[in-house]
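A.B. asks: As a plain string of letters, each chain reads:
Protein chains: 4
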Amino acid sequence: MPPTDRIVASITLRIRYAETDAMGIVHHSNYLRFFEEGRSEYARQRGQPYSSFEAAGYFLVVTEATLRFIKPARYEQQITVTTWVEKSRSRGIDFAYEITDTDSGEILVTGQTKHISIDKSGQVSHIPAMWQGW
Amino acid sequence: MPPTDRIVASITLRIRYAETDAMGIVHHSNYLRFFEEGRSEYARQRGQPYSSFEAAGYFLVVTEATLRFIKPARYEQQITVTTWVEKSRSRGIDFAYEITDTDSGEILVTGQTKHISIDKSGQVSHIPAMWQGW
Amino acid sequence: MPPTDRIVASITLRIRYAETDAMGIVHHSNYLRFFEEGRSEYARQRGQPYSSFEAAGYFLVVTEATLRFIKPARYEQQITVTTWVEKSRSRGIDFAYEITDTDSGEILVTGQTKHISIDKSGQVSHIPAMWQGW
Amino acid sequence: MPPTDRIVASITLRIRYAETDAMGIVHHSNYLRFFEEGRSEYARQRGQPYSSFEAAGYFLVVTEATLRFIKPARYEQQITVTTWVEKSRSRGIDFAYEITDTDSGEILVTGQTKHISIDKSGQVSHIPAMWQGW
Numbered sequence: 001m002p003p004t005d006r007i008v009a010s011i012t013l014r015i016r017y018a019e020t021d022a023m024g025i026v027h028h029s030n031y032l033r034f035f036e037e038g039r040s041e042y043a044r045q046r047g048q049p050y051s052s053f054e055a056a057g058y059f060l061v062v063t064e065a066t067l068r069f070i071k072p073a074r075y076e077q078q079i080t081v082t083t084w085v086e087k088s089r090s091r092g093i094d095f096a097y098e099i100t101d102t103d104s105g106e107i108l109v110t111g112q113t114k115h116i117s118i119d120k121s122g123q124v125s126h127i128p129a130m131w132q133g134w
Numbered sequence: 001m002p003p004t005d006r007i008v009a010s011i012t013l014r015i016r017y018a019e020t021d022a023m024g025i026v027h028h029s030n031y032l033r034f035f036e037e038g039r040s041e042y043a044r045q046r047g048q049p050y051s052s053f054e055a056a057g058y059f060l061v062v063t064e065a066t067l068r069f070i071k072p073a074r075y076e077q078q079i080t081v082t083t084w085v086e087k088s089r090s091r092g093i094d095f096a097y098e099i100t101d102t103d104s105g106e107i108l109v110t111g112q113t114k115h116i117s118i119d120k121s122g123q124v125s126h127i128p129a130m131w132q133g134w
Numbered sequence: 001m002p003p004t005d006r007i008v009a010s011i012t013l014r015i016r017y018a019e020t021d022a023m024g025i026v027h028h029s030n031y032l033r034f035f036e037e038g039r040s041e042y043a044r045q046r047g048q049p050y051s052s053f054e055a056a057g058y059f060l061v062v063t064e065a066t067l068r069f070i071k072p073a074r075y076e077q078q079i080t081v082t083t084w085v086e087k088s089r090s091r092g093i094d095f096a097y098e099i100t101d102t103d104s105g106e107i108l109v110t111g112q113t114k115h116i117s118i119d120k121s122g123q124v125s126h127i128p129a130m131w132q133g134w
Numbered sequence: 001m002p003p004t005d006r007i008v009a010s011i012t013l014r015i016r017y018a019e020t021d022a023m024g025i026v027h028h029s030n031y032l033r034f035f036e037e038g039r040s041e042y043a044r045q046r047g048q049p050y051s052s053f054e055a056a057g058y059f060l061v062v063t064e065a066t067l068r069f070i071k072p073a074r075y076e077q078q079i080t081v082t083t084w085v086e087k088s089r090s091r092g093i094d095f096a097y098e099i100t101d102t103d104s105g106e107i108l109v110t111g112q113t114k115h116i117s118i119d120k121s122g123q124v125s126h127i128p129a130m131w132q133g134w
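One line per chain: the protein sequences are R, B, C and D, in this order. In this text, residue positions in the first sequence follow the numbering used here: the first is 1, and each later residue adds one. In this text, residue positions in the second sequence follow the numbering used here: the first is 1, and each later residue adds one. In this text, residue positions in the third sequence follow the numbering used here: the first is 1, and each later residue adds one. In this text, residue positions in the fourth sequence follow the numbering used here: the first is 1, and each later residue adds one.
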């Protein structure tokens, strides 16, 4: 469940036909893309969009991901991706996510991703100042 | 590391341009698709392709996934997806994966996925006989 | 350019990181997905979402697609997909699209797709009454 | 039909589950990705992989694409993508494609893509010498 003691960002997406598979439900790989949209929205709401992170010469790469699939989503369904920072480190950030059905609030998928900051040479680096302490 | 006491299936894939992202590397969501290809190959090598599983009226849905991203892959690189069964249950199967650079053998990504068997009505069901005891 | 003598539907999307490729721009295959979202929005605005089309036992399959790529789009850019019906036939529909940069109005991509209606047995069929004369 | 008076490159792919959609068939956007794999294979067979094109400081961007969808493909089906150069220009290349069912030889999808060469600054440029006259 999203924490109440820190910033939590939500974004609503509508499932696209191309995101479904032959089971008639959203292909599970798309949830990593929805998590990424959750991070993008979180950064925008903090006022430092991820594009500014890359513009500053850094990349935030994914080192770990965990997903629990509780209930499938289908074409045209609206889902809400809620994102928060679980842990902020000097060289990385851990995000957590909860995806719910926008109408009913039912939980569909939960997960975490861990990231490290690298510079253009590919070296692990400190998170740029503007992103520290998230 | 792949176990030596059971069947292990390997398949080699070449990274497609469409699988890269603006970081110049494979977008991390694609590894869930490569794991899926690993499972498909495993089932084919066991002689019971996943299409026969669905033809029998069942779906094997993903309930959990874990991924560790160790080293990025790039366009045209050849990767080998090695897949094995970690645990076989009456109503589900747990798979594990190791993705390596085909040339050097270096480990790129490792992971696990957990699955349950459902029937056409969406009810959790026993794994069909031909897939049991994997 | 969108016509002025008929219904035209617009939807705004924000480019996702996963939609970019190693060139740093949106991979061209995604525009077929954006066109599809344009059709979905068009059908919703007409009051007959595509999900109701399938619920009625029909599929609207793509038989032809043409795309002209004029200017690339990048991560976080907002694009507007404008969609209209070019030709309505008894057994099919032709759609046309214009994708612009939401802020500047600059044209990024234009295209057409042709579709036929098939029933569950895979036979070409008349467009269901509620979709006729679009 | 592939021409007989010039180089024609073929590659065989197996349809991935993630490439299907709720219609139970390959989502049409994937054929642009298969065409791209066709081009990649063509370039490899000519001895100048596309990665060497980018390494030389150029990008081959898509300016137009046309697709005709004749017959759907399904999960695990093997398809053969046959690719040839339709027209070689000083600043661009036009490719044509035919995708067939590998077993039966039946035509599934045909298409063309047009490309121009740009340099790192984004300016239209001559095709590098090694790619000229294809």
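It cannot be assumed that every hint is accurate.
As the list claims (entries may be wrong) - Derived, one-sided and incomplete: chain D residues facing chain R with beta-carbon distance under 8 Å:
1. ALA22
2. HIS27
3. SER29
4. PRO72
5. GLU76
6. TRP131
Said to hold, decoys possible - Over 12 Å on every C-beta distance to chain D, these chain C residues come out as not near it, computed from the model:
7. ASP5
8. ILE11
9. SER104
10. GLY105
11. ILE118
Claimed, not checked - Below, a list of computed lysine-lysine pairs in the DSS-like style, where the Cα atoms sit at most 27 Å apart:
12. B/LYS120 <-> R/LYS114
13. B/LYS120 <-> R/LYS71
14. B/LYS71 <-> R/LYS120
15. B/LYS71 <-> R/LYS71
16. D/LYS120 <-> C/LYS87
Hints were generated in silico from the structure; no laboratory data involved. The C-beta atom is built at its ideal place from N, Cα and C for all residues, glycine as well.
A.B. asks: Give a verdict on every hint.
C.D. replies: Hint-by-hint comparison with the structure:
1. ALA22: holds, 4 Å
2. HIS27: holds, 5 Å
3. SER29: holds, 6 Å
4. PRO72: Hint violated; D/PRO72 Cβ to chain R Cβ min 11 Å, cut 8 Å.
5. GLU76: Interface hint status for D/GLU76: violated (11 Å vs cutoff 8 Å).
6. TRP131: violated, 28 Å
7. ASP5: About 27 Å separates C/ASP5 from the closest Cβ of chain D, which puts it past 12 Å; holds.
8. ILE11: holds, 17 Å
9. SER104: Nearest chain D Cβ is 17 Å from C/SER104, so the label holds.
10. GLY105: holds, 21 Å
11. ILE118: Check fails; 9 Å does not lie beyond 12 Å.
12. B/LYS120 <-> R/LYS114: It is violated: about 36 Å lies between the C-alpha atoms, which goes past 27 Å.
13. B/LYS120 <-> R/LYS71: holds, 15 Å
14. B/LYS71 <-> R/LYS120: Given that 27 Å is the threshold and the Cα spacing comes to 15 Å, the pair holds.
15. B/LYS71 <-> R/LYS71: At roughly 31 Å apart (the allowed maximum being 27 Å), R/LYS71 and B/LYS71 break the hint.
16. D/LYS120 <-> C/LYS87: This hinted pair is violated, its Cα atoms lying about 41 Å apart.
Comparing the model with each numbered hint stated earlier shows that hints 4, 5, 6, 11, 12, 15 and 16 do not hold.
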